[in-house]
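Engineer: Using the hints, position chain B against chain A.
Protein chains in written order, with this note's numbering: chain A, 220 to 408; chain B, 1205 to 1440.
I should point out that these hints are in silico values taken from the structure, not numbers from a laboratory.
Check before you lean on any hint, since a few could be wrong.
[What the hints assert, rightly or not] The list that follows gives simulated cross-link-like pairs (lysine-lysine, BS3-like), each with its CA atoms no further than 30 Å apart: (1) A:K326 to A:K365; (2) B:K1262 to A:K249; (3) B:K1303 to A:K249; (4) B:K1303 to A:K290; (5) A:K224 to B:K1213; (6) B:K1213 to A:K235; (7) B:K1262 to A:K397; (8) B:K1262 to A:K290; (9) B:K1248 to A:K235; (10) B:K1266 to B:K1234; (11) A:K249 to B:K1248; (12) A:K381 to A:K249; (13) A:K290 to B:K1248.
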Amino acid sequence: MNEGKDILNLVRNMQKLNAEIAALIKTYEKLLVARGFQSDGGNSITNDLSTSLQEPQRWTPLWMYRILKNKADGDDVLILNIVLDSPDAPDEVQEPLVLCARFFYRKGQASNWVGEWDPWDLWFGKAADKTGELYGKSDLKLESEKFCTYADWSKECIQTMKDIRFLAVPLARLVDRKALEEQIILRIL
Amino acid sequence: MIEATLRGKVPTDARSDEDCLTSTVWGLLKYRPIRPILARFVSKAALYSDQAVRLGEKIPEKLLDVDRLQVVFWPSDPEFGQPDILILGLDLALVVEVKYHAELSGVDQLRKYHSFLNSRYSDKTHRHVVYLTANWVAPELTNEATTGLETSLWWLSWYELVDAARELSCISPAADEIRNDLVRYLQHLGFEFFQGIQLPNVEELETVFWQDMVPIISGYEEPPRVNHYFWQENKI
Chain A
220 MNEGKDILNL VRNMQKLNAE IAALIKTYEK LLVARGFQSD GGNSITNDLS
270 TSLQEPQRWT PLWMYRILKN KADGDDVLIL NIVLDSPDAP DEVQEPLVLC
320 ARFFYRKGQA SNWVGEWDPW DLWFGKAADK TGELYGKSDL KLESEKFCTY
370 ADWSKECIQT MKDIRFLAVP LARLVDRKAL EEQIILRIL
Chain B
1205 MIEATLRGKV PTDARSDEDC LTSTVWGLLK YRPIRPILAR FVSKAALYSD
1255 QAVRLGEKIP EKLLDVDRLQ VVFWPSDPEF GQPDILILGL DLALVVEVKY
1305 HAELSGVDQL RKYHSFLNSR YSDKTHRHVV YLTANWVAPE LTNEATTGLE
1355 TSLWWLSWYE LVDAARELSC ISPAADEIRN DLVRYLQHLG FEFFQGIQLP
1405 NVEELETVFW QDMVPIISGY EEPPRVNHYF WQENKI
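Just chain A, with the same shape it has in the complex (with noise of 0.2 Å):
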């Protein structure tokens, strides 16, 4: 018995969870409209799940993402991944984390280039150190082997890129709203 309700409280804090995840994108935008942003597609926020039987890893969703551009140019891009797992690098995962980018792109250029997992691709493709600061272009090792054969971004994508911004706090650090605006908002802009 206690077993079977130990299943169902997993499964009822894992939708607790969702709930409150989708609760964060949204105050999220919310914060970043008012900041003269606005979302650049619809409700969805994550992909790349199967119903399959043989790939069981993939049925519940670990990676969600939101996707805004400054209002005034298009070439500003931010972009939000949230990792609560990864089943393809176990290892590289702590605990569950926030990254944030925001990408400046040269004009024009952001329409062929956005990705909704570019954050995903600098912080597993080791771009970033994992000290969780925020860091400029500089401080990304996009050039790296060990980057662009995990993230396969080409030179030339790369070199549409003015400038980008990065940063990822663990989850369970966003307590309440005041953290989400400050840990994340005020930094990445």
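Structural biologist: This is chain B only, laid out in the frame that chain A set:
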């Protein structure tokens, strides 16, 4: 409807029904002890043409005096149709057009309700239309829908209601009970801005399931293994 909704007793087609939502929420907000929440909620409406401007900043506080507010549900007008909510106060007439999953029923719907106010409540100085939706950022409206309403069309999100309810300190013990139910209901519908990542209730989790990819469910006993053979009798 609150308890029925929370316990999954509401038929599927009624769960997303705009009128049920309107009736459940505004049916509570209309009562005198709860009206401070109504006043605060409505004050949060943002001017469509400049969303930094809030309705509460544009109308004198006394117009939202809770003792004088009257909430009318679905007032029907032969010429202008039937808005969802009409709020009347001292020198104030507000139409609240409520949306849940649906969009405007016509491009001129909001302008029509503004005409309704101008025509039927011309004695009120402050006449505004509030477009209440389930969006967390203001939905796009065409110029055709908003022309002429630059200073009288406001957008309000259902998400603001939980904040409005929480921002007030103790109203009265009875009102606080109703407020708590209202908040539970809105949370259930997902109408809540971020309150922080809450750690799972570990006391509920009596056991840990996975550690280093090894299942360690407490009390779990592996079922006895049975050796299955195909065609056992034939010794294959």
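Engineer: Now tell me, hint by hint, if it's right for this structure.
Structural biologist: Checked hints:
1. A:K326 to A:K365: Satisfied, since the Cα-Cα distance of roughly 28 Å is no more than 30 Å.
2. B:K1262 to A:K249: holds, 22 Å
3. B:K1303 to A:K249: holds, 19 Å
4. B:K1303 to A:K290: At roughly 26 Å apart (the allowed maximum being 30 Å), K290 of chain A and K1303 of chain B satisfy the hint.
5. A:K224 to B:K1213: holds, 23 Å
6. B:K1213 to A:K235: The hint holds at about 21 Å.
7. B:K1262 to A:K397: holds, 27 Å
8. B:K1262 to A:K290: holds, 27 Å
9. B:K1248 to A:K235: holds, 27 Å
10. B:K1266 to B:K1234: Given pair K1266 of chain B, K1234 of chain B holds - Cα atoms ~17 Å apart, limit 30 Å.
11. A:K249 to B:K1248: Holds, because 14 Å separates the two Cα atoms, which is no more than 30 Å.
12. A:K381 to A:K249: Judged against 30 Å, a Cα distance of about 26 Å means the pair holds.
13. A:K290 to B:K1248: holds, 24 Å
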